[in-house]
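Peer 1: Sequence:
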Amino acid sequence: MAEPKHGAPTIGDVAKLAGVSRAVASRALSSEKRPVSADKRERVLEAAERLGFKPNLLAQSLTTKTVNLVAVVVNHIHDLSDLDLFDLLLDRIQSIGKQVILIRVGSVERVEEFLRQGVAYHVDAALVFSDFADAATVRRLFRSDLVVMLNGRHDGLSPAVIPDEAVGINQAVADAAGKGVKSAGLVTGRSSSLVEQARVEHYRKAFAQHGIELVRVVQGDYSYESGHEAAATLTGWDSPDAVFCTSDAMAMGILDVCRADFPHNRPRKFRLYGFDNLSLTDFDAYPIASIGYDKAAYVEHIVQFLIEPAAFKPGQDPIRVPTRFVPRLTA
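Residue numbers (the working numbering): 1 to 331.
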């Protein structure tokens with residue numbers, strides 16, 4: 001059949017060249033899984049490529065009531081743990097035919113600013129990592145009920161996925177106690193975070209349970225720089241037997257300041273524990289004992305809410321992904 005010679009190709013042109021109906025051509029080119037035989041799909045895809053046809057996503061959205069966009073709301077992306085997680089998350093979201101809008105919210109005021117200015121993005125769902133936003137606010141902002149809360153500020157009307165941090169923390173503290181640790185320092189993240197507040201409380205309970213005295217608490221912000229600064233107050237002549245950090249990045253900062261205290265990466269003066277189980281901790285430069293969870297499983301729980309939003313029932317408990325202690329040389 002002859003190819004159209006004038007104007008941008010249409011779905012009708014593709015259907016005609018492939019020898020199928022417009023409905024079949026539309027199903028074959030949809031990013032969603034829709035019924036069409038393999039032979040017809042291949043013919044449609046070949047015809048679309050031949051014609052240089054690009055689907056009109058806006059027109060599709062008017063038909064399907066979806067735009068295949070997912071908002072990911074974050075405070076910022078500078079923590080090393082963000083890189084490990086978000087690359088995996090974005091890849092999985094794209095694998096189901098959706099794309100991501102990344103929204104950086106640096107403060108509570110920014111959330112309210114979005115609302116005051118009436119800035120609302122038309123998205124199919126929002127994934128909320130920022131601890132500056134609660135579930136009700138995000139639902140209002142995006143005018144959507146499909147809001148997956150990942151920051152501890154969930155309610156009964158939105159699904160939530162959170163790591164079960166108590167298990168891994170208790171395992172790490174038990175490891176230290178088993179090696180004779182009697183005193184500990186703790187380097188924490190931002191105190192306003194509900195997730196961080198719960199994490200610190202888990203450490204306090206584990207220390208009490210295993211007979212370790214918490215002698216020093218230093219405020220950090222999860223970053224390498226804050227760990228680097230914290231080292232000065234934790235590693236003097238009166239340093240505790242072990243230092244626990246609520247992020248691996250902070251533990252890396254301490255390790256770099258105190259390399260002399262870790263010959264061949266083994267502790268001579270105090271033991272060092274991180275949190276997040278970053279991919280970097282599997283390499284020789286930063287073999288930090290850490291606490292982590294299966295990020296692929298975590299991402300899969302999130303994506304399942306995007307695939308089957310009706311699976312969530314109001315009042316449903318958050319999905320908890322178990323954590324575990326990962327021993328390495330610094331402990």
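If you are wondering where the hints come from, they were derived from the structure by calculation, not from laboratory data.
Since we're looking at a predicted model, the values are computed, not measured.
You may find that some hints are simply not true.
[To be verified] Lysine-lysine pairs mimicking DSSO-like chemistry, simulated, CA-CA at most 30 Å apart:
1. K269 with K313
2. K16 with K40
3. K205 with K182
4. K295 with K179
5. K179 with K313
6. K54 with K40
7. K179 with K205
8. K205 with K269
9. K269 with K179
10. K313 with K295
11. K269 with K182
Peer 1: Now, for every hint given, state plainly whether the structure supports it.
Peer 2: Here's how the hints hold up against the structure:
no., hint, in the structure
1, K269 with K313, "violated (51 Å)"
2, K16 with K40, "holds (12 Å)"
3, K205 with K182, "holds (15 Å)"
4, K295 with K179, "holds (29 Å)"
5, K179 with K313, "violated (45 Å)"
6, K54 with K40, "holds (18 Å)"
7, K179 with K205, "holds (19 Å)"
8, K205 with K269, "holds (25 Å)"
9, K269 with K179, "holds (13 Å)"
10, K313 with K295, "holds (24 Å)"
11, K269 with K182, "holds (13 Å)"
When each numbered hint is compared with the structure, violations occur for hints 1 and 5.
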